[in-house]
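**Q** Which chain is which? The protein sequence lines are A and B, in order. Residues 1 to 257 in this note's numbering are what the first sequence lists, from first letter to last. Residues 258 to 607 in this note's numbering are what the second sequence lists, from first letter to last.
Note that these hints are calculated values from the structure, not bench results. One should not assume that every hint holds.
Which residues of chain B face chain A? A partial, calculated answer using Cβ under 7 Å [unchecked claim]:
1) Glu265
2) Ser266
3) Ala270
4) Leu488
5) Ala492
6) Arg499
7) Leu503
8) Leu546
9) Glu549
Pairwise CB distance ranges (calculated) [as the list claims (entries may be wrong)]:
10) A:Val26 to B:Arg509: 31 to 39 Å
11) B:Phe484 to A:Ser71: 20 to 28 Å
12) B:Phe484 to A:Val109: 16 to 24 Å
Predicted, not measured: the structure shown is a model, and the values here were computed from it. Quick reminder that beta carbons are idealized off the backbone N, C-alpha and C, glycines included.
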Amino acid sequence: MTEFQAGPLSLSFGRKQVLHEVRTEVLRGGTMTALLGPNGSGKSTFLRAVAGVIRANGPIMLDGMNLARMSVQEKARYCAYMPQLLPPPVRMSVVEVVLLSLRLGGNYVGASAAMERVDAVLASLGIMHLADAMMGELSGGQRQMIGLAQALVRSPKLLLLDEPLSALDPRYQFIVMDALKRETVLRNMVTLVVLHDPAVALRQVDSAMMLRTGRVIASGVVEDIVTPEIMAEAYGVRARIERGSDGAAMVSVEGVV
Amino acid sequence: MKERSNTESVQRALLCRRLLIIALLLSGLIAAVLWNLVCGASHLPLDLLLKALFSGPDDHLEGSAGVILWQLRLPMVLMSAVTGLSLGLAGAEMQTVLDNPLASPFTLGLSAASAFGASLAIILGLYIPGLPSEWSIAGNAFLFSIGSAFLLEMVVRLRGASAETVILFGIAMVFAFQAMVSMLQFVASEDSLQDLVFWTMGSVTRADWTKLTLLSSVFSAVMIWSFRDSLPLTALRFGDDRAAGLGVDVRRVRLAALIRISLLAALAVAFSGTIGFVGLVAPHIARRLVGEDHRLYLPAAALSGGIILCLACLAARTLVPGEVLPVGIMTALVGVPFFLGIVLRREKTE
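Excised from the complex, chain A in its bound form:
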């Protein structure tokens, strides 16, 4: 069973401390965890630090290995990171883009086996029909799916996503989130995702961490985190949590505190 725990991580930019001993619970394979918090709370920074894009002080433990001690190349074998910006419309075909990720991974297995893995990942995301398209011909949502394929094709144990839904319309928000949930379970990954919208977290993930000004103010099962009290403390809003007719939870914000 995959086990992951990051932190306590601390980080300063100049004199300003942006992360104060931020730590995740022990997260298990097959679960999704949301990083929540208002703008500037440090949730993206924490994710970037876990990904190793920026260096922070503290351990990042995955199955007994300390990712913080690894080189960028070595780390990329276990952990895949998707930044917030969509993959740009580079002049390359979708298959080339996904293959690039495998080639860079260091555990490249030869052309034919690599093609097999690329095909498998495109098929599992339901985007096989885009395989031969050029990136420039795709919509933003489709490009986000290609970015996801780039991450998944390496079969990471740890998947880190920074606001994967922010540039997407409702249809692609659903498709991406659905694919994430399914692949997380199927591949037994630990998935850590920065989400802008607590309502999405409440419906889609297993556990959550709420950050404010670089500190964790609550973490645990998502239903215990997205509550009126914690929403008030973190975002400064009056919120109600309601159950829709299908039993799904909804967050409605009624005002500011």
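With chain A held as given, fit chain B onto it using these hints.
**A** Coordinates of chain B only, in the frame set by chain A:
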């Protein structure tokens, strides 16, 4: 399973087409070189040319043909080919690492900085004893070009500058270094002034075998080095963060690329002066032809640069009979409209 084999064959066909394009570019470059050798003040028929070519430089049986070919035309034409190759490769890497379609050694001031470094070496007579003077001039040009490359990179990194800011910063460097070159020209002696004017125009007429050997060896080494980095460079096209997430040591790759770019820009300028726009135009042609997988894109950009400069050289030698125009004037005439085209297209998409 059917879908799978289909994708694989589509990919293979795509790769074959792109390799074919590179082969065509290579033949295009060879053809452009031969065309240059045939044309000139005295016409060399192709059969005579080939005979002189294969009989080697020391065989003067062919009379003046051998001398014209080996002493005059061949060094000049090969110099324009290798300079074009170098500028094309430098421009391609620069557009990738600065993530800017308007980047090239010329537009962002690396060429101007190299020209200043080279001028300084000539004026002050900074020669390393025991080495040919070309080496000291080229070395000094390199110091200034790598200095300006790192200044640019710092602006991009520390200020998180937009593409436009980087271009404006580059233009400011061009102005600054040009002013300093003018100042050197003002105080220079009659003799060195001749040499200095040459830098500002860009010309391959001073080519000789020493310079050619030096530039070709550096170009070959840099081409191999950048080819080894072609995968991480391709990943950089997806942005720094995504590249780092894919396991690319972004800082190392960028640093190596800046050193390579500075080497190529400095040597090209030290031997042929500032030749503009080749490094800007060639990468755009290469992207259209073979896409952005840098294993194909880098060679294609280099070859396109070589072809452009060879054709410009041909035009410079034949447009006005009996005169050899500076080739930099030719490339600017073609390059400026192209530059404007990119700027206007960017405005439209924003």
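**Q** Work down the list of hints and note, for each, if the structure agrees.
**A** Okay, the hints, checked on the actual structure:
| no. | hint | in the structure |
| --- | --- | --- |
| 1 | Glu265 | holds, 5 Å |
| 2 | Ser266 | violated, 10 Å |
| 3 | Ala270 | violated, 10 Å |
| 4 | Leu488 | holds, 6 Å |
| 5 | Ala492 | holds, 6 Å |
| 6 | Arg499 | holds, 5 Å |
| 7 | Leu503 | holds, 5 Å |
| 8 | Leu546 | violated, 10 Å |
| 9 | Glu549 | holds, 5 Å |
| 10 | A:Val26 to B:Arg509: 31 to 39 Å | holds, 34 Å |
| 11 | B:Phe484 to A:Ser71: 20 to 28 Å | holds, 23 Å |
| 12 | B:Phe484 to A:Val109: 16 to 24 Å | holds, 22 Å |
Consistency with the previously given hints fails for numbers 2, 3 and 8, ordered from lowest to highest.
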